[in-house]
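Novice: Spelled out from the first residue to the last, the chains are:
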Amino acid sequence: QQQVRQSPQSLTVWEGETAILNCSYENSAFDYFPWYQQFPGEGPALLIAIRSVSDKKEDGRFTIFFNKREKKLSLHITDSQPGDSATYFCAASLIASSSFSKLVFGQGTSLSVVP
Amino acid sequence: NAGVIQTPRHKVTGKGQEATLWCEPISGHSAVFWYRQTIVQGLEFLTYFRNQAPIDDSGMPKERFSAQMPNQSHSTLKIQSTQPQDSAVYLCASSLVWGLNQDTQYFGPGTRLLVL
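Respectively, the protein sequence lines represent chains A and B.
Residues are numbered in the numbering used here as their position in the first sequence, beginning at 1, plus a constant of 24.
Residues are numbered in the numbering used here as their position in the second sequence, beginning at 1, plus a constant of 1.
Don't read these hints as lab results, they were simulated from the structure.
Being a predicted model, the structure only gives us computed values, none of them experimental.
Note that beta-carbon positions come from the ideal geometry of N, C-alpha and C, so glycine has one too.
Treat each hint with caution, since some may be false.
Stated by the list, open to error - Coverage of chain B stretches by chain A, computed from C-beta distances (three or more under 8 Å per stretch; other residues unrestricted):
no.	stretch
1	13–22
2	53–62
3	92–100
All chains should be modelled from the sequences, with the hints used to inform the complete structure.
Specialist: Structure (structure tokens):
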């Protein structure tokens with residue numbers, strides 16, 4: 025059962041363009057959605073996260089748009105740079121609970137930014 | 002702050018041998034997680050400790066895999082009688098707290114295990 029799905033599997037954009045990475049989830053109880061960035065040979069690093077009470081979260085060139093009704097979110101990377109080339113993982117969890125809820129990860133989107 | 006430390010970074014074992022992977026969480030973090038990452042399965046949760054106590058091991062294969070956290074400064078993941086399908090990157094993560102509206106897991110660089 026794939027609770028978190030990402031698309032596309034891979035994406036190539038030119039330097040300066042906006043990259044759009046998509047994510048959808050099945051469990052309507054999820055309330056916390058982090059995006060992780062992973063470079064080859066390294067562990068994932070938290071890039072930006074959003075709670076389900078918000079519909080948008082912005083941090084510099086990175087913005088999450090969240091649609092609770094459709095259970096979809098997207099990560100927009102504006103003015104993409106070659107250094108942004110990495111794999112991006114969308115994840116989900118139920119954070120506002122006293123019971124443990126694990127982070128469920130999507131399969132990732134491999135982003136290449138061409139100079 | 003050195004971040005989450007994992008050793009060794011690479012390990013090669015023969016089929017049937019034992020492998021022990023080590024994790025040192027960020028000082029002061031009460032939550033420790035283990036994940037396994039493969040191309041096919043992606044990032045899979047294995048187990049979770051809170052204040053050194055095992056809380057959830059629902060992702061651990063029932064045979065051959067075990068995890069411990071003997072003190073607040075390190076955790077181990079042990080795989081007995083390793084098989085080629087155990088080949089993966091094993092990631093450890095820690096969090097100051099997890100749940101009750103506290104978030105952010107910090108990942109280590111991982112241990113790449115290759116079983117021949």
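Novice: Does each hint hold? Answer for all of them.
Specialist: Okay, the hints, checked on the actual structure:
Residues of the stretch 13–22 of chain B with a Cβ under 8 Å from some Cβ of chain A number 0, which does not satisfy the need for three, so the listed coverage is violated. Coverage of the stretch 53–62 of chain B by chain A holds in this model, with 4 residues showing a Cβ closer than 8 Å to a Cβ of that chain against a need of three. Counting residues of the stretch 92–100 of chain B whose CB falls under 8 Å from any CB of chain A gives 4; the rule of at least 3 is met.
When each numbered hint is compared with the structure, a violation occurs for hint 1 only.
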